[in-house]
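Line by line, the protein sequences give chains A and B. Mapping of the first sequence onto our numbering: position 104 corresponds to residue 104, and the numbering continues sequentially without gaps. Mapping of the second sequence onto our numbering: position 485 corresponds to residue 485, and the numbering continues sequentially without gaps.
Don't read these hints as lab results, they were simulated from the structure. A portion of the hints provided could be inaccurate.
Intra- or inter-copy, both count: the list cannot distinguish identical chains.
Unchecked claim - With a straight-line cut-off of 25 Å between C-alpha atoms, the simulated SDA-like cross-links for lysine to any residue are:
#: 1; residue 1: Lys401; residue 2: Glu278
#: 2; residue 1: Lys12; residue 2: Ala47
#: 3; residue 1: Lys387; residue 2: Ala164
#: 4; residue 1: Lys328; residue 2: Gln406
Protein chains: 2
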Amino acid sequence: MSFAQIEDLGRKLEALDHAQAMLGVDEAVQMPVGGGEKRAEALSMLAGFYHELATAPEVADWIDAAERGSLDANGQASVREFRRVYTNMTCLSADFVRRQVNARVRCEQLWRELRPKGDWAGFLPAFEGVVALMREEAALRAAALRLAPYDALMEQYDPGNRAADIAPVFAELKAFLKDFVPQAMAHQDERLAKRPLKPFNAPFPIERQKALGHAMMEAVGFDFTHGRLDISHHPFCGGVPSDVRMTTRYVTGEFLSALMGILHETGHGLYEQGLPSEWSHMPVGRARGMAMHESQSLFVEMQVSRSPEFWHWAMPVVAQHLGEEALKGWDVDDVLSYVHRIKPGFIRVDADEATYPLHVILRFEMEQDLVSGKLAAKDIPEAWNAKMTDYLGLSTLDNPKDGPMQDVHWPSGAFGYFPSYTLGALTAAQLWAALERDQPSARDDISNGRFVGLNDWRRRNIWSQASLWSTPDLLERATGERLQTKYFIQHLKRRYLS
Amino acid sequence: MSFAQIEDLGRKLEALDHAQAMLGVDEAVQMPVGGGEKRAEALSMLAGFYHELATAPEVADWIDAAERGSLDANGQASVREFRRVYTNMTCLSADFVRRQVNARVRCEQLWRELRPKGDWAGFLPAFEGVVALMREEAALRAAALRLAPYDALMEQYDPGNRAADIAPVFAELKAFLKDFVPQAMAHQDERLAKRPLKPFNAPFPIERQKALGHAMMEAVGFDFTHGRLDISHHPFCGGVPSDVRMTTRYVTGEFLSALMGILHETGHGLYEQGLPSEWSHMPVGRARGMAMHESQSLFVEMQVSRSPEFWHWAMPVVAQHLGEEALKGWDVDDVLSYVHRIKPGFIRVDADEATYPLHVILRFEMEQDLVSGKLAAKDIPEAWNAKMTDYLGLSTLDNPKDGPMQDVHWPSGAFGYFPSYTLGALTAAQLWAALERDQPSARDDISNGRFVGLNDWRRRNIWSQASLWSTPDLLERATGERLQTKYFIQHLKRRYLS
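Turn these sequences into a full structure, and let the hints steer you where they fit.
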């Protein structure tokens, strides 16, 4: 009975989730500007209904009773996840959440206004308020979850992430990358000297790029009866597992950015579409966390779609949709020159896969100090500059816009999220290595446009497992090992030094 | 306090309405087919939340208390409407509603399957169940509302509609139209003999038709910061007043159907956009009813957009968007020949404005007999045939698909809705006449593409008045008279006999 009550509540929450997700997609894709005020009201009201239902005191009784009942392994995992989500939702008081939401919304609005001007001084007071509340939140969560404060924050995005486990992994990766990036760039310079980048045979009409994107999505396994591709300013993968809404944006001067973006989001979309639909109303049926989600997008983008094997297959597909002229005079190596380009820069979201982890590690290190109080908000620009200079040889002191003001995460109060990006990259490489052990023909399959085996492997090992296991356990069950840096490092060496 | 409680509830219901409306639009416009099952679950769950909140017993206490409080005229109207909606929602038991929804959904599904085959016999058993429940509903509503059973059904769509008021109006209109239609057709034959219909200079690419539609919508006053135009299989006007979502469908062989359809829906959209936004969370802030809504769409479509004055202005606008070739060799009269074409036919939704009311009157007469039990469901085809033969000279005995099986209304349980269409047409003509008395330059304004004065008049007299008055009172305040047939009849004579 108590389990049935939990499931009943899960179905109500799923409906509210569905509405919120779809209204969010509509807002990003097509809502006229004047619809924004009422949309915001509707979304906040739905969030209120959700919170009220999900945190009702009787829910704790249902969970207690369900835990005492006799359940099979899946049922036990289901109740465990339900409790985890319930605990995470109820460990902050409604009053605290209201104060925090207000501070975050105001700070994010200010950030949108002041970032283009690089006005750190104007932004700082509001941001200090967000940091203070984040420290309060971390302490509250830490007490409820019996975790260290920073771990309690990461727990929201990747259950099981612990700084003590991540720090040595990131330290090793940082040491490697500080040497590797200059080495890979020297190698790249040699290659480009012999074979310069070819100019694009532009323009590429958007309708054709769209058709190409659709064809590639379908080829790698996206189910268009359960999803669509639209256009938005910031590409994302949203919606619900039964109806995945992906977006991209196009430029007519080149087609590779949009296409790689589409394939990245398709990786997210395949994960969502591969979740077990019979548990879609329960937390245990959701994707495991942000690192695992990012591993799925990076698997498709970095491991598969930027490989020479993929382009061996993809060249004629591109010609078919963009026209024979589009790739006239190009061969696979000309495409790879673009999609393997390494260039250290200020901006994380524009970074290549070799320098990206350094952006993340910088934030991971600073976040821990911000949470502990070792670093004050006002001292961020100097600390940021020191690390950027050390890791990538770039000074940001006079450029806060492209330094600590570049990301929306901190202004909006999301601390503890950044590690997921790089954990996802490491995970993707480790999954690929495991898959290739199990399916030695994997690269050959890609060359021939056969993606079914790759998807079956991920469906079996990752997608269908939803939230049955913690992130580390899920990875170990899939690959036989805890998280390693070596597969990512091997991947980089193979791609950029050979 | 009680009024504040009502407003607070109103805001919650508005948010749920917003979500349901937008999810409905998304489903019709772009949802992939596989998303349907979870969408249906989400919508039914949201409807459940809505019903639970809106019909809670304490709401009756709040309304009682608010009625005893001191309120200004708007406040009183607000509480009156709240009570009206509450009474209408609570006079059926939850158990009855569940039974009825099940029967309706099953019958409508069967209808979709059997209509193309014209299988009346296969459809009848399920439909008999719907009719039986409709009679039960009518009796329950009649008791709660102290109305005659058929009036109690009409009350859901147009508060204040009474068969005793409508019957003589429709009788007069029917008598007129039975003579008028043959007369107008003879006149039309003469005209077409002298000046045959010109073939369209097709094709008209969809992108250009879309741009033309946008331009016309904007010209007649649609605010694209609070709405959009998309494509769907069945055109509609949905969304919420702050974000009106209209749809149409295009064919490339001609452009007038889509354009007139767009202008029809724009009439609905202008009404929604013109409602007072400060009351958007209260029933009093909604559009007055289906007849008034239809009057607004028919005002724009029939009174304005099919007039010679409109086309005097519109010809160069069409040329600008579809190209000079599009109207090469056409003048205003060639367009009018198409948009004024009278042709009696089986199908209501395809009917011209002269024969349309006969379709509606037929249904109005039969509905009353169905509700009272004078007509059994099984005898509908014969009764339908008798009336179609009498009113339009068309026999439907061997063709139930294009006879009583053509509309979704009855299979889905919507009885009492049909009169609204023709009441809307009469209202539109009466409003036009009143407007022209107030603004003698109205036709001249249209010739010059000036729609602001027309909109100001409707905003003042109709849109801003939302649900402050009953439909008959609203019409009388706007035009100085109760509903008349004479303005519609004058309109038809002027357009089709001169």
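Hint by hint, here is what the structure shows:
| no. | hint | result |
| --- | --- | --- |
| 1 | Lys401 <-> Glu278 | neither (46 Å within a copy, 40 Å between copies) |
| 2 | Lys12 <-> Ala47 | both (13 Å within a copy, 11 Å between copies) |
| 3 | Lys387 <-> Ala164 | within (21 Å within a copy, 83 Å between copies) |
| 4 | Lys328 <-> Gln406 | neither (38 Å within a copy, 56 Å between copies) |
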